[in-house]
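Keeping the supplied structure of chain A fixed, place chain B upon it in accordance with the hints.
Protein chains in written order, with the working numbering: chain A, 1 to 1095; chain B, 10001 to 10613.
Simulated from the structure, these hints should not be mistaken for laboratory data. Do not take every clue at face value.
[Said to hold, decoys possible] Label pairs and their in silico Cβ distance ranges:
#1 B:Gly10165 to A:Leu700: 26 to 36 Å
#2 A:Pro984 to B:Asp10545: 53 to 63 Å
#3 A:Asn690 to B:Ala10232: 48 to 58 Å
#4 B:Gly10225 to A:Val987: 51 to 61 Å
#5 A:Asp600 to B:Asn10243: 43 to 53 Å
#6 B:Gln10259 to A:Asn772: 31 to 41 Å
#7 B:Asp10571 to A:Tyr986: 33 to 43 Å
[To be verified] Part of the chain B face toward chain A, derived, beta carbon under 8 Å:
#8 Thr10024
#9 Arg10033
#10 Asn10149
#11 Ala10152
#12 Thr10182
#13 Ala10188
[Unchecked claim] 20 Å max Cα-Cα, derived EDC-like pairs, lysine to aspartate or glutamate:
#14 B:Lys10231 to B:Asp10249
#15 B:Lys10428 to B:Asp10405
#16 A:Lys78 to A:Asp127
#17 A:Lys710 to B:Asp10405
#18 A:Lys710 to B:Asp10041
#19 A:Lys982 to A:Asp969
#20 B:Lys10271 to A:Asp599
#21 B:Lys10431 to B:Asp10405
#22 A:Lys516 to A:Asp188
#23 A:Lys724 to B:Glu10029
#24 B:Lys10425 to B:Asp10408
#25 A:Lys720 to B:Asp10408
#26 B:Lys10171 to B:Asp10112
#27 A:Lys534 to A:Asp422
#28 B:Lys10271 to A:Asp600
#29 A:Lys724 to B:Asp10025
#30 A:Lys601 to B:Glu10266
#31 B:Lys10168 to B:Glu10198
#32 A:Lys797 to A:Glu95
#33 A:Lys720 to A:Glu779
#34 A:Lys1057 to A:Asp880
#35 A:Lys710 to B:Glu10266
#36 A:Lys408 to A:Asp67
#37 B:Lys10537 to A:Glu822
Where a beta carbon is used, it is the ideal one built from N, C-alpha and C, also for glycine.
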Amino acid sequence: MRKVFLFVVLCCLYNNAFAQQTISGTVRESKNPDATLPGVSIQVVGAARGTISDLNGQYSIRIQPGDKELVFCFIGMKCKTVAIGNKTQINVALEEQDDVFLNEVVVSALGIKRQNKSLTVAQQRVDASTLSEVRDANLVSSLAGKVAGMMVTPPASSTGSARIVIRGNSSINGNNQPLFVVDGMQIDNSDGSSGVDKNGGLDMGNGVADINPDDIESIDVLKGPNAAALYGSRAANGVILITTKKAKEGRFKVSISSNTMMHYISQWPDFQNAFGVGHMSQSGIGGSQSVVYARQDANGNLYPYPGIPTMQGILNNIASRSNGAPQVGWPYIGLDGLMHPYSPAPDNVYNFYQRAWAYTNNIALEGGTADNNYRVSLTNFRANDVVEKQNIVNRNTLTLRFFNTLLKNLTLDSKVTVTDDDTKNRRYSNQSNYNPLYMYTIMPRTLTLDQLQHYKTIDGNEAVRVGDIHNPYWTINETSNSDNKTRLLANFDLSYQILPSLRANVKYAREFSLTKSDEFRNMGALGGDDNNGKGYYRTQSNQFTNEMMEWLLMYNQRFEHFSLVATLGGSRMDYMGLWQNSEITQLKVRDLKSMQNFDDKSFVNANDGLPSRKRLNSLYGSVSAGYRDFVYLDITGRNDWSSTLPPENCSYFYPSIGVSIIPTEIFKVPTRIMYGKLRTSFAEVGNDTNPYNLIPYYELSQNNTYNGYKFASLPGTLPKVDLKPERTRSFEIGADLRFLNGRINADITYYKKNSFDQILSASMASSSGYQNKVFNGGEIENKGWEIMLNARPVETKDFSWGIDLNYTQNESMVKSIIGNSELQIGEIFSLQNRVVAGLPYGSMFGTVWLTDQQGRRMVNSTNGEPIRKENTYLGNFNPDFMLSLTNHFRWHAFDLYVLVDMKKGGKLYSGTRRQAIRNGVISGLESAHESYWKRSVIFGDGGDYQWGGVQFNQNGTTPITNQNIYYYDPTQYDNVLNMNPKDPNYVPTKSDLYFWPGNVGYYADGFDNLVIYDASFIKLREVSIGYSFPKKLIAKVKMSNAHISFVGRNLWILYQKTPKGLDPEAALNAGNGQGLESGSLPPSTTFGLDLKIAF
Amino acid sequence: MKKIFQSITIIFALTVILLLNACTDRFGEINTRQDRLTSVDPSLIFGLSPVAILGEMTSNNNWYMFGNYSNQWSVIGGTGPHFGFDGRVERLWNNMYSGGLNPLYEIIKNYDGNPAYTNRVAIARIWKTYIFSELTSMYGPCPYTQACNGLASIPFDPEDVVYRGILKEMKDAYTAIKPSTTDVYPVAAEPLLGGNLERWKQFAHCIRLRTALRLTEVPEAWSPGLAAEAKAIVAEELDNGVNGMLINDITGKEDFFMQFQLGTNENPLNKEVIANPELAITDPGNFPVLHESLSLWIRSETYNDPCLDVMCTAGSGGSGRTKFSKYLGRPHSSETPQNYQFPTGFSSPYNNLKYGDFAQIGREFSRVDASFNFFTYSELCFIRSEAKLKGYWTNGKTAEEYYYDGIDARCAKYGKTGTTVKTYKDSKGIKWSTPSDTTAVGTGTSKKWGSFSKDYLGGFVNCYLGGQEDNYKRIIVQHWISLFSRNIDIWTLLRRTEILKFKPHFGADLNNGYVNSRWAFTPERLIYPGNERIINKTETFKAIDNYLLDKGNAPKGQQDQITYRLIFAKDNDGLHASNYGAIALKAFPYDIPNQTKNRDENNPFVNFPFVNF
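Chain A extracted, bound-state conformation:
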């Protein structure tokens, strides 16, 4: 670090050494001479040097002998060129331009800046200013609702992985997330939740989560393969181009920002408070076992007959359900062995959670000249979680950026980012029995938190456990994990302006990250299937290197009627990963976090390092030709050579072609009335595969021994020797329409992309000798619409109002999958998320109760059990459409920003609800429970505790919950799948059965359809109310800018179809199997304060 700072200082000195003559002045608006213009770009004509005017419109620039002219340019204004001569002061007034947008410049593939009008594909820029203001711990989450065609799934915890998908899922088994390119470098955004499944695991966060929004200048989203074709492999999912901030030449500047956010759970499920712990309406335990009573106290004094129901020693599922008796306050002996009233503990869930805080502080220094400048930024981020002691983050990001002119026309742009991320106690996720969020699905309504707080016995063992789930106080105190990630991104870009129209760049970039982590679970945890009591310790080290070398020639010339932008480049990318893991599955002593702490060597598993290497060589080029500024033709081509594919298939070519026409230019329609561009393009891109998929390997792993002799194990996966790359062919057509001089804009795109030759790993029948086989096959089609609308209805000096609207609609269809088989991409309880030909990606299949075509529920006539119908299609997770609306207001020094985000359709299966219903904690079933209780306990009709239906023989009275239940006679229907009555007039016999959901078993496995919800929502996603302090006031303390804002994220769910307490955006992980949740965070809200000042 010391060296880095030394370098900074040297650069500053170096900058001064070049100072020669200085020109200064003020830039104003010609229409309104009082108004100075900040942010005007001032360039020396013919050189790559320039500066930008400050907030007061003032600038100063050092010039060199031979410099003749300065050009002043500002968005919305006409550029003005002024001769330098011998002047030392040049004041200019810029005239407003009436076709602002015609010269809009955007960053396209390979970081090439192009005029928006010449683009033949859809791409969109994200307003980067709000990202650092309305902060989210994960950059990806912040992108929600900001781009048409993009779908963001927030992470399950504050330190978890967010998922982002553009234009639908195109890969069956592979990665569906876009490529992230930061300043030309493809960076790692691996999914940290890949080890997280329904049973839990630790979510390590996705790679780009730690990009610091304070350092981001702009984000451009290349939505489809067409725009991203120059990235070849991996471009199928689109590309997110992030450009980070550079110094704005001028004077030395210091910017400081401070952001504080408070995060809390804002919506809880409705819990019932009528019935207490127990089963089958019994306060102790019921079902096939009888109630357990304590007959006497510790002193041998007899309790009143028959004793007091006790939960002690009953550490099974039943002791943790709330399907017991009405809570009328009689004494019972709780899980802690003490006497408690059998009364509701209505706040037992809420009181466990706390408010979480996140603090971000950033300081950035910049300065230098146009030729040589620097920017240094340091950010510290600290946060905790809604659960005590969990997800404690401390992250520091240091970014150094230098721009140097080495020789005339030869410049070097260097950037180094160092991130040091320290996270403690990531929360166990989903159905992990250590997940404190999952606990409320099972926590009896009678259970007070004080019964849990004494979580540890005198011997150091877990004292009280709630059913299958560990005492949350045990979890937060006796389990721990930590990880420390050091990430280094270094980027050097050498640029040589050979001619005014020809530039050559050579780029070298390297990304390195090292993550050291450990996980500890103390000995003495109660029960569990996974030997929890024995304790566990794991250390892991994960190293990742990504190295890129690139050269690029860019030719940009304008002839009389023609314009030409051509590029030719080549690159080599090397990826290297190394993963090491050691674990102990049985500890020797308590509390010691050490790899020595094992009892017997057979409890130690160590992996000596799992390497992963890949090289990708590429050559690419593009030609973009324009004629008279109204027709443009884009052609790109890229050839990749990937080391992961066999020699005969390792080279593959990706072409794209696009055309745009601007009819309004042809017919000379004035832009103050209308401007319209039509564009279409075709592209083919692809995807290689993971390393080592071509050769089978034998493992000399730990457990294959007999009599001390170690055997090698055989490869379980049959590789495909002639593997081909995945391919995606994409077509898009769009229109860019602007009215009233850009006051109203619409951009509409229709696309269709087909991904085929998918690289899949499919299960094999065991008799083949393998468990899996890699192959090419399957096709997925995604087609849809993207609409962006924006308008500036009001724009005056004092007040302005802007609206942005993004509309996304994607239709997914699995056209084929090899052998007409299916592939499972996610699973929870009896619900599976599959890829099935003829259905959309991510179709859900589950078990339901059999009903006939009239919807009548069928039960078995002999035993009253409901008949289960497995493998029933229950919808898919893809939304019908998404819509987001942003409003920006500015009134004098105040600004207001409101983002409303909406999703329509898509299904969400809730394992949390399934468990909560099963365990009787959720309200809504009280009347059924009451009715059952009356019958079985008061009237004593019980005894028949089959699956939850009880024979109902009362004298003609219809039980409250007898809902439309009929006996199934198989001879009357064609089959269980269709349930077509053979005789259309057949009416099944009504049954006298009685359903009560509190009894588990069969019930729970047959009601998947009841806990699948429509995941539609409308959320008030982001709000920011800001105030800029008057310049006159802050100038007294030498400040150039000060802005304060009150911000909020996810403030209000305006509409939801999921039950209360279930976030429609919940997910198990950031993988492909979406639309599933269990043990997720209930809807939560973030409020905060953001302060930005600059000197």
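Below, chain B without anything else, positioned relative to chain A:
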């Protein structure tokens, strides 16, 4: 301008040279894991197979099924006890292929024809054919010729193709083995026989003999000529035995077995006892006890088997009708079948009996280093005795002599010799051609026979042996007892002979057995696992449709049935099995056996459908 073009040309040329020439350079190396093996010597993988097979054939997952199928163990719990449609069978098939067969195919594929590996390939073949002899005995048709080839769709072979194939392959393999000091598996790398070439030849002979005997009565219509070929092989191998190629040690030292080890190759019985001592006592489902059917044959009140205390440890005996028997066995279920009427004065004696009331499986079999036998000398004796009795073989000693040899061998294996064994051999019923004496003698604890020879329903008497006409049954009873703990082999023996009759099982699941409400018979085979039925669908259903018997009987969509009879099996009275190709008689639902026939207290044996030979 010239300068520019020069620059461009230089940059371009350099990069083209750098990239194009190098565009696939080192790709092979980069995409190969340097820290893993890409090929292995047979000694590194052969041992995987016996270890996997040991684990699979003894897995506690399989107690539930095969223990009950053998009618020697009783395990209660889950659906497993009776029917093979749950995950346990899934695992069995999958592991027999991937853990058991795959390493062998790998060795054969890579080293067949390599003169330096002739013996090791032959040994892989011998063990492979053994695995197939077990696999096909459970499932019937299975992938054999195209197995483990990495095919997406793996054809099944009909049973006779599998049998003819393995009988030939076994002979080819033992013939190929030549003495060598270099072409051997290192002692430690070969868990079964320590790489001993002579022992492998003996093993091959024994398994070939046993497999051939299984096929000697395959109906001609089902596989023309197979029975005759099998009989010839039985004679051939038994003659080889006379020539010293089979094993010959009465104490069991030459038996083929593997020992369990603590850790990864644990004895599941031991694991259950050691790891969960309380569970084993409180949860009867987890540790097997003696089955009522075997108990009737070995308990002290009937034949008083010399190995009784080895096979089981005494329980408390319960109360009432059962209380005098320390070696009380448990039926599959103590529930009374629906609609069953007890004889006057009888009620279920097992009501309210607890786990500890029954005799548990003996410690000999739950020891941490217990052995599991693949083939024993006593088994060879009973095979010889049967072959002599049926006239398949004319050399050697008499059937009676081999019968007694077998009893001596199975007792000697557990250290039982001398007077006890002699008394047993001389007792009525056990003695050759002598009927059982069923006279109830004594009173109280010394009371014998009488109700001790009847099952809990008060009617089924299964432990009676007649005179000369029952000598075949006599051999099979001893053979059956001698296989104790080898539940898969026992099930095969029972289906092959169908001479020992047992009560039906209870707790059958609807649509998956020979079911009438809760009344079910031991299945004839296992159904194919879901993994085959889903992924290798076409071939699996082709096999079900074309290669299995009793086809056409199954409800639509569930064609694979545990009721289908395999070619080596005899007709099961309970099954009403049909002839090959014909539609089966009513297997579902099946009537409760005729109660009156089994209930004549005074003459319990008259109506028993004994097959005389």
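Discussion item. For a quick check of understanding: which of the numbered hints are violated here, in increasing order?
Written reply: 2, 12, 14, 16, 17, 25 and 27
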